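**Student:** Given next are the chains, with one letter for each unit.
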Amino acid sequence: MDLQVRSETLYFAWRNTKLRVGLSVVLFFVALTFIGPLLTDYAPYDYVGPAAQPPSPEYWFGTTIFGQDVFTQFVMGLKATFQVGIIGGGLGTLLGILIGFTAGYRGGLVDEILNIFTNIVLVIPTLAILLIIAAYLEVRGILTESVFIGCTAWPWAARAIRAQTFSLRTREFVDLARLSGMNVWRIIMTEIAPNMMSYLLLVFILQFGGAVLIAATLDFIGLGPTNAVSLGLMMNNAVLWGALLLGMWWWFIPPGLAIMAIVGALYVTNVGLDEVFSPKLREM
Amino acid sequence: MRRYFGRKLLIYVLTFFLAVTIDWLIPRFMPGDPVQTMLSRAALHAEAREVMYGYYVRAFGLDVPLWQQYLNFWNALFHGDLGTSVYLFPQPVVKVIMRAVPYDILLLLPAILLSWFAGNHFGAIAARTRWLDNTLLPVGYILTATPYMWLGILLAWVFGIVLGIFPIAGAYSFELRPHLSGAFLASLLKHWFLPFASIFLVKFGGWAIGMRNMIIYELESDYAHYLEALGTPRKLIRKYAFRNAILPQITGLALDLGVIVAGALVTEVVFSYPGIGYLILQAIQNQDYFLIQGCFLFIIIGVLLANFAIDIAYVIVDPRTRLGMTGEGA
Amino acid sequence: MSLQVEELTVYYQTLKGDVRALEEATFRVADGEIMGLAGESGCGKSTLANSLILLKPPMRLVKGRVTLDGEELPIHDMERMNSYRFERISIIPQYAMNALNPTQKIGKIIADLVRWRQVDFDDILPELKRRLDLVHLSYDVLDMYPIELSGGMKQRVVMVLSTLLNPSLLLADEITSALDVSSQKAVMEMLVSFRGWEFVRSVIVITHDLSILYQVADSILIMYAGQLAEKASTVAIIRAPRHPYTRMLISSLPEVGVKHAERRLTGIPGTPPLLLNPPEGCRFRERCPVAFEKCVDVPPFIQIEPGHFVACWKEFETNARA
Chain A
1 MDLQVRSETL YFAWRNTKLR VGLSVVLFFV ALTFIGPLLT DYAPYDYVGP
51 AAQPPSPEYW FGTTIFGQDV FTQFVMGLKA TFQVGIIGGG LGTLLGILIG
101 FTAGYRGGLV DEILNIFTNI VLVIPTLAIL LIIAAYLEVR GILTESVFIG
151 CTAWPWAARA IRAQTFSLRT REFVDLARLS GMNVWRIIMT EIAPNMMSYL
201 LLVFILQFGG AVLIAATLDF IGLGPTNAVS LGLMMNNAVL WGALLLGMWW
251 WFIPPGLAIM AIVGALYVTN VGLDEVFSPK LREM
Chain B
1 MRRYFGRKLL IYVLTFFLAV TIDWLIPRFM PGDPVQTMLS RAALHAEARE
51 VMYGYYVRAF GLDVPLWQQY LNFWNALFHG DLGTSVYLFP QPVVKVIMRA
101 VPYDILLLLP AILLSWFAGN HFGAIAARTR WLDNTLLPVG YILTATPYMW
151 LGILLAWVFG IVLGIFPIAG AYSFELRPHL SGAFLASLLK HWFLPFASIF
201 LVKFGGWAIG MRNMIIYELE SDYAHYLEAL GTPRKLIRKY AFRNAILPQI
251 TGLALDLGVI VAGALVTEVV FSYPGIGYLI LQAIQNQDYF LIQGCFLFII
301 IGVLLANFAI DIAYVIVDPR TRLGMTGEGA
Chain C
1 MSLQVEELTV YYQTLKGDVR ALEEATFRVA DGEIMGLAGE SGCGKSTLAN
51 SLILLKPPMR LVKGRVTLDG EELPIHDMER MNSYRFERIS IIPQYAMNAL
101 NPTQKIGKII ADLVRWRQVD FDDILPELKR RLDLVHLSYD VLDMYPIELS
151 GGMKQRVVMV LSTLLNPSLL LADEITSALD VSSQKAVMEM LVSFRGWEFV
201 RSVIVITHDL SILYQVADSI LIMYAGQLAE KASTVAIIRA PRHPYTRMLI
251 SSLPEVGVKH AERRLTGIPG TPPLLLNPPE GCRFRERCPV AFEKCVDVPP
301 FIQIEPGHFV ACWKEFETNA RA
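Protein chains in written order, with the numbering used here: chain A, 1 to 284; chain B, 1 to 330; chain C, 1 to 322.
Pulled out of the complex, with its shape left as it was, chain A reads as follows (with noise of 0.2 angstroms):
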């Protein structure tokens, strides 16, 4: 990419309605991530008050109906739900990126066994997957969880790349580094990686939002990390806890709110960095 390409690129990104909104929501979050533990004296599961009291001045979120500070708790699983989606959806890309490389670049038989593989994971239910390894482990950190979701997200991913990698494998310019007598790697990574790295970007962030998601779902039903808080986990207690029969709103209500705007507003950036990539969606 030349300067021109690249600065071309930067104007169009700041153009993009989409985009600004999207970034502007989830960095808000990112800055609540780093600033918010710093707003707390409490750890999140500490007895510091008056049981069920709704949102005051002293308890920003109100307080579960144990007496914990559910802005405590908050904070602490927004770092959760950030380093889920982080690790699982970093894991998913690389590991779609390693097999879709791989398949679409060697093609033939490895392609077609890598294919069939892919095939097999893609049709299994993730959650069943996990909800079954899980519930064996009975230790489980927020590092396990995103390593397990990461193991089993990244089939899509893999078949995406692999279409991509396949079109740019045809291309004249791998054509003549492979005749120079480059080495695979080498052209995978200096020929056709740069030519993917948009792509790549928007795979990352949908593997984000997917790990976020099914992270929830596990942590939900009561197979999240054992010695950790997350936003799932909150929304896990609220309903266990009859939250719901005691209108106590404001301990379901900020945790699944986070997780829609976070997976929303990557959602919506990933629309806005698709319409700066690729020219043709540009709006005039």
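Treat the hints as calculated values from the structure; they're not laboratory data. In this text the structure is predicted, and so the values were computed from the model without any measurement. Think of the CB as a built atom: it goes at the ideal place given N, C-alpha and C, for glycine as much as any other residue. Treat the hints with care, since some could be wrong.
[To be verified] Listed next, with one range per pair, are the computed distances between beta-carbon atoms:
#, chain 1, residue 1, chain 2, residue 2, range
1, A, I35, B, R234, 48 to 54 angstroms
2, C, D143, A, T190, 47 to 53 angstroms
3, B, V317, A, G242, 43 to 49 angstroms
4, C, R130, B, L114, 47 to 53 angstroms
5, B, L163, C, F121, 29 to 35 angstroms
6, C, R321, A, S278, 52 to 58 angstroms
7, A, T190, C, R130, 54 to 60 angstroms
8, C, D143, B, L14, 34 to 40 angstroms
9, B, T135, A, S278, 23 to 29 angstroms
10, A, W185, B, F308, 44 to 50 angstroms
11, B, T135, C, L125, 54 to 60 angstroms
12, C, S83, B, V162, 54 to 60 angstroms
13, C, L276, B, L132, 53 to 59 angstroms
14, C, L276, B, L113, 49 to 55 angstroms
Got chain A sorted already, so can you dock chains B and C onto it with the hints?
**Tutor:** Chains B and C alone, transformed into the frame defined by chain A:
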């Protein structure tokens, strides 16, 4: 066409094989001998422990070589033996699950099909109506990004607690016994509505956005430009575009089944709706591992069957698969 | 009568401003004339063709009028143009091989298209079969899906379909660019036959490859950077070109009648100006060996000999002196 189905079947058979293997493998190779823990942790009466132990010897055969254990597991599976539920002792797992399955079908089938049809039609309309597009797009993205359980919780809170219009727990009123009567069906429908609505809404957003994007993509394709240059009315071009855009949406439906199932599971948890999802929650809370494993297999089988049904639908809609001229969706 | 284009000016709207792709194009295509329209890629030839049949955003009609058989075409009005498209003016697009909806049988596509024109498919079927026969296609293709046909077959189907209602004017947009030399020749000859069989009256053949025009075109119109440079009979363009750009184009062709690759058209030193902010005056002047002060004004496109139009100040000067 034979090639198309042959390939699909191969993948499904392999998937099933892999799933069963995982089901067998995980309890054995997880750290800390979970089979033992399972036995000791389960709050069993002496009688139960005996039956459980008998099952282990039969199906798991802990004293025979591994390969023999594996074969035994398959054998038990083919005899419909998935073990005994701890939490609902002494009912066999298969029976417990079979009781839940009708509720899943009742919930999932309408939610999936209706959201798919409605989303596709709405998306197609949005693609040609500017104001609708501008409102639908943000709403659609928000809906697809909403965690199923949270939408469920919100609906339960607003319509169940605050407005008090709908019940928020169970599949029918606790005062009724299942039987064929107007009162029972009405109760069933009332309990069904909110969980259905949460799944429907989340999926609706996804399909609508997908369709809208596909239509716009199709309208930019060469054949659409050609038709336009020949002065074909917009109506006909859109008809072609819709027909073509539906195809990836069918493939998308197959790809999305896993996610929808996950969504249904948590929705059932929110509404204590007695399907497999709710059962899984119970099983997890009671550490009923056989039940969890059984649910896992049933979900896999259900998803495989659904995939196969979608494949058949795809062949009917896309002439190219009939001619064996495309690997689409393979 | 046939086609009369007057001062046609079309810009593309972009975020950075107007791309001035076509400026003040004025020319005629006579009844029965096959006119070649040539120039480097990005010179505005496709813009010109498209604005005759499908002028839609981001294209914007700045000014000009187009008359076909004495009747003004409402080219700016997408809806009203519909009754002229296909019946009076038609196109074989560049992407002819992908121009057919992949999920419909070819017969069904054609039936859908003509039904809209109040033509019953059964009435037109015998003629359709006759024409398929003329282009060496079995009428079994009507019962096939486009993917069952080879690229060449699809292109012939499109040629038959585009001309089925005997339009006055046919635009053939780069229809040979994807073909090998022998197929190119066959397709161009087929186009000439179409005129002979009176499937079409006049044809504009748009191409970046001058060499394919030699055998088939009656006249050639050369464009450069959105401006018309020269129009004359094929013989005049080849034997006695008057615009310096045409002269350079022709002299860079080693031998008439041989197939030439695209690079020959770009084999002239320098590059065409960007059309976002094109220089004032003659846009060729940066690369022109004979440019002088006068060239900062736009030269008019005028007839210097019967049927020979050119836009070059130097040429006008020479002519005036002679």
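**Student:** State for each hint whether it applies.
**Tutor:** Quick rundown of the hints versus the structure:
no.: 1; hint: A:I35 x B:R234: 48 to 54 angstroms; in the structure: holds (52 angstroms)
no.: 2; hint: C:D143 x A:T190: 47 to 53 angstroms; in the structure: holds (50 angstroms)
no.: 3; hint: B:V317 x A:G242: 43 to 49 angstroms; in the structure: holds (47 angstroms)
no.: 4; hint: C:R130 x B:L114: 47 to 53 angstroms; in the structure: holds (50 angstroms)
no.: 5; hint: B:L163 x C:F121: 29 to 35 angstroms; in the structure: violated (57 angstroms)
no.: 6; hint: C:R321 x A:S278: 52 to 58 angstroms; in the structure: holds (55 angstroms)
no.: 7; hint: A:T190 x C:R130: 54 to 60 angstroms; in the structure: holds (57 angstroms)
no.: 8; hint: C:D143 x B:L14: 34 to 40 angstroms; in the structure: holds (38 angstroms)
no.: 9; hint: B:T135 x A:S278: 23 to 29 angstroms; in the structure: holds (25 angstroms)
no.: 10; hint: A:W185 x B:F308: 44 to 50 angstroms; in the structure: violated (39 angstroms)
no.: 11; hint: B:T135 x C:L125: 54 to 60 angstroms; in the structure: violated (47 angstroms)
no.: 12; hint: C:S83 x B:V162: 54 to 60 angstroms; in the structure: holds (58 angstroms)
no.: 13; hint: C:L276 x B:L132: 53 to 59 angstroms; in the structure: violated (35 angstroms)
no.: 14; hint: C:L276 x B:L113: 49 to 55 angstroms; in the structure: holds (51 angstroms)
Figure legend: structure checked against the earlier numbered hints; hints not met, in rising order: 5, 10, 11, 13.
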